[in-house]
Amino acid sequence: MMAHLVLAPMLLPFIAGLLLLALGQFSLSVQRWLAVLSVLAQIGAAIALLDAVSGGDILVYHLGDWPAPWGIVMVADRLSAWMVMITALLALCALIYAGLGVDAKGRHFHVLFQMQLFGLAGAFLTGDLFNLFVFFEVLLIASYGLALHGGGPERTRAGLHYVVMNLAGSAVFLFAAGLIYAAFGSLNLADLAAKASQLDPDNLGLARAGGLLLLVVFGLKAALLPLHLWLPRAYAATSAPVAALFAIMTKVGLYAILRTHTLLFGDGAGELAHLFDPWLLPVALITLAVGSLGVLAADQLGRLAGYLVLVSVGTLLVAMAFGIDGIAAGLYYMPHSTFTAALLFLLADAISRRRPLSGGRLTSDALMPQHALWGGLFFVAAVAAVGLPPLSGFLGKFLILRAAIAHPWVWVVILLAALLVMMALARAGSLVFFGATSKSTLPDANPGVPASASPMALPLLSREFLAIGGLLALILALTVFAGPAFDFALATAQQLANPALYTAAVLSGRP
Amino acid sequence: MEALIALAIGTLTGCGVYLLLRARTFAVVLGLTLLSYGVNLFLFATGRLIIGQPPVVSGAAGYADPLPQALVLTAIVIGFAMTAFVIMLSLRARDELGNDHVDGLPQSGDTP
Numbered sequence: 002m003m004a005h006l007v008l009a010p011m012l013l014p015f016i017a018g019l020l021l022l023a024l025g026q027f028s029l030s031v032q033r034w035l036a037v038l039s040v041l042a043q044i045g046a047a048i049a050l051l052d053a054v055s056g057g058d059i060l061v062y063h064l065g066d067w068p069a070p071w072g073i074v075m076v077a078d079r080l081s082a083w084m085v086m087i088t089a090l091l092a093l094c095a096l097i098y099a100g101l102g103v104d105a106k107g108r109h110f111h112v113l114f115q116m117q118l119f120g121l122a123g124a125f126l127t128g129d130l131f132n133l134f135v136f137f138e139v140l141l142i143a144s145y146g147l148a149l150h151g152g153g154p155e156r157t158r159a160g161l162h163y164v165v166m167n168l169a170g171s172a173v174f175l176f177a178a179g180l181i182y183a184a185f186g187s188l189n190l191a192d193l194a195a196k197a198s199q200l201d202p203d204n205l206g207l208a209r210a211g212g213l214l215l216l217v218v219f220g221l222k223a224a225l226l227p228l229h230l231w232l233p234r235a236y237a238a239t240s241a242p243v244a245a246l247f248a249i250m251t252k253v254g255l256y257a258i259l260r261t262h263t264l265l266f267g268d269g270a271g272e273l274a275h276l277f278d279p280w281l282l283p284v285a286l287i288t289l290a291v292g293s294l295g296v297l298a299a300d301q302l303g304r305l306a307g308y309l310v311l312v313s314v315g316t317l318l319v320a321m322a323f324g325i326d327g328i329a330a331g332l333y334y335m336p337h338s339t340f341t342a343a344l345l346f347l348l349a350d351a352i353s354r355r356r357p358l359s360g361g362r363l364t365s366d367a368l369m370p371q372h373a374l375w376g377g378l379f380f381v382a383a384v385a386a387v388g389l390p391p392l393s394g395f396l397g398k399f400l401i402l403r404a405a406i407a408h409p410w411v412w413v414v415i416l417l418a419a420l421l422v423m424m425a426l427a428r429a430g431s432l433v434f435f436g437a438t439s440k441s442t443l444p445d446a447n448p449g450v451p452a453s454a455s456p457m458a459l460p461l462l463s464r465e466f467l468a469i470g471g472l473l474a475l476i477l478a479l480t481v482f483a484g485p486a487f488d489f490a491l492a493t494a495q496q497l498a499n500p501a502l503y504t505a506a507v508l509s510g511r512p
Numbered sequence: 007m008e009a010l011i012a013l014a015i016g017t018l019t020g021c022g023v024y025l026l027l028r029a030r031t032f033a034v035v036l037g038l039t040l041l042s043y044g045v046n047l048f049l050f051a052t053g054r055l056i057i058g059q060p061p062v063v064s065g066a067a068g069y070a071d072p073l074p075q076a077l078v079l080t081a082i083v084i085g086f087a088m089t090a091f092v093i094m095l096s097l098r099a100r101d102e103l104g105n106d107h108v109d110g111l112p113q114s115g116d117t118p
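First to last, the sequence lines map onto chains A and B.
One rule links them: number in this note's numbering = place in the first sequence (from 1) + 1.
One rule links them: number in this note's numbering = place in the second sequence (from 1) + 6.
Looking at chain A on its own, in the form it has when it is part of the complex (with noise of 0.2 Å):
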């Protein structure tokens, strides 16, 4: 059992996305229930994993027994385990707030997001190149049916750009891997690692253009700059629990940088050793920047946290650049950043439907049914978001800071960027919370329509209550235990500093 259980999250998903396509003519109701249960499945999966590497074993999955290079091979460390437990979790919280409603405008609402889920687990759980990029299709074509799910102008036609955008960057993709295999004659990510150091000079510049076009490829899925165009319309566009799942796809963009940056590129790989490092840390900034200033200029809550995504890829690549400790910092912060950008989602989608005259705009509008609650969580998550004590965004931000303590450069940008998103959360609160008036007082608010009838008087659902107050937890329960998370992030990121162990357990473990 334990040998499969590199399988189970990738599978579980697969499973259910199957069932319930057979099951396609059940009610609502029992499509809910089982997705959940097949979420709750790859938590309790996720789980096993995690504790499984915590001790340093790098578990291997050799499909159909072929032996590594030649047979496709699933490999899971520290890192992936991390990625499938974040993902996981945060699936959760967005399918329990999709149950109210949003999986009932249009057909396949959760196959969709079970065959998403499949192909984020695919893609940290791959060991090889050309899987990573049959598991990005996987996902992305069931991010496509999520983006447009609903329908409507606005999202079409946002829809259309994020998949143009996505279907341009799968041919690089594809370029990339061409270039990677002309050069090593591998896609085995294990292989590759390997054969980096003693690469044959003449196909040093194949593996150089490979690599580099790769680094596009996976800026383009994390959004970095100049790459970010798609993002905050996309993401603005689409449904509230659409775009809290879509906080973790930047992060598989991240995810594969990192891999590809430690385990093909890293210290061991002659020749190409730090083949990224002149491009992390400018772009990185760049995004940091761009993001906040976008944050500020935001006009409406959806796109306000659209451009917080940008922020926090910034924050996490400009991580990434410092070796071991920025690592370290960089997969602390992950899971908060995640959290929060999907916790703005959730919150921004709440607070616009209890608006019905201005919605997600940053105008005042009419007082909301709890209001002070509202106002409440909007401040703590606006406080996690830009990484203010007492919540863990903050030591994940110290912690990257501490790591970049040579480049007092790299903290003003950083920080720069904290107060510009402070200022425009701030704004929006005000505006939003401090703005509101008594709902007579407008001078174009309806008349004809009773005050208990208007949607302003929504009760506080449970589900909505479960999914936000879920976020929240998770945030405070990082910030509880930071010590244990960071320790982890700490061994993650001496094993990926160490690619000889992925090598060697891939290469060597013959099933």
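Don't read these hints as lab results, they were simulated from the structure.
Please note: incorrect hints may appear among the correct ones.
Said to hold, decoys possible - Derived list of chain B stretches under chain A, where covered just means 3 residues or more per stretch with a C-beta under 8 Å from a C-beta of chain A: (1) 31-42; (2) 96-110.
Stated by the list, open to error - Calculated Cβ distances over 10 Å to all of chain B for the following chain A residues: (3) V31; (4) L101; (5) A210; (6) F435.
Heads up, the beta-carbon is just placed ideally off N, CA and C, and yes, glycines get one too.
Use these hints to put chain B onto chain A, whose structure you have.
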């Protein structure tokens, strides 16, 4: 043969990128298709261009690498599905936004 293949890949990719940058969804879809043709041909050539060799390792001096053909096959299947999807999406965008501009902008020359 190398020059011919390289020219073909370059032409397909160049035309694909050019069409991809057009403002109409029809041209963009054609561009994506040409780009995927270019990629497939490129993948096919990554195993090096060899004539008259056995297709797998057979102990003889050389062999033609069979793996790129598997990669191309996968890429073709995925590209086919994606093209179908983007065509449907373009049709829907044409329907919902009223014209086939990628940004859905109304054009002065359009009939309403």
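Would you check whether the claim that L101/A is not at the interface survives, using Cβ distances to chain B and the 10 Å cut-off? holds, 24 Å
Non-interface claim for A210/A, where every Cβ of chain B lies beyond 10 Å: holds, 12 Å
Does the claim that V31/A lies outside the interface with chain B hold up, using a Cβ gap greater than 10 Å? holds, 28 Å
Mind taking a look at whether chain A covers the segment 31-42 of chain B? Criterion is 3 or more residues with CB to CB distance under 8 Å. holds (count 5)
Claimed coverage, the segment 96-110 of chain B by chain A - three or more beta carbons nearer than 8 Å: Holds: 8 residues of the segment 96-110 of chain B have a Cβ under 8 Å from chain A.
Whether F435/A stays farther than 10 Å from all C-beta atoms of chain B, as the label says: The claim stands: F435/A keeps its Cβ more than 10 Å from every Cβ of chain B (closest is about 36 Å).
When the structure is compared with the earlier hints, no violation turns up for any of them.
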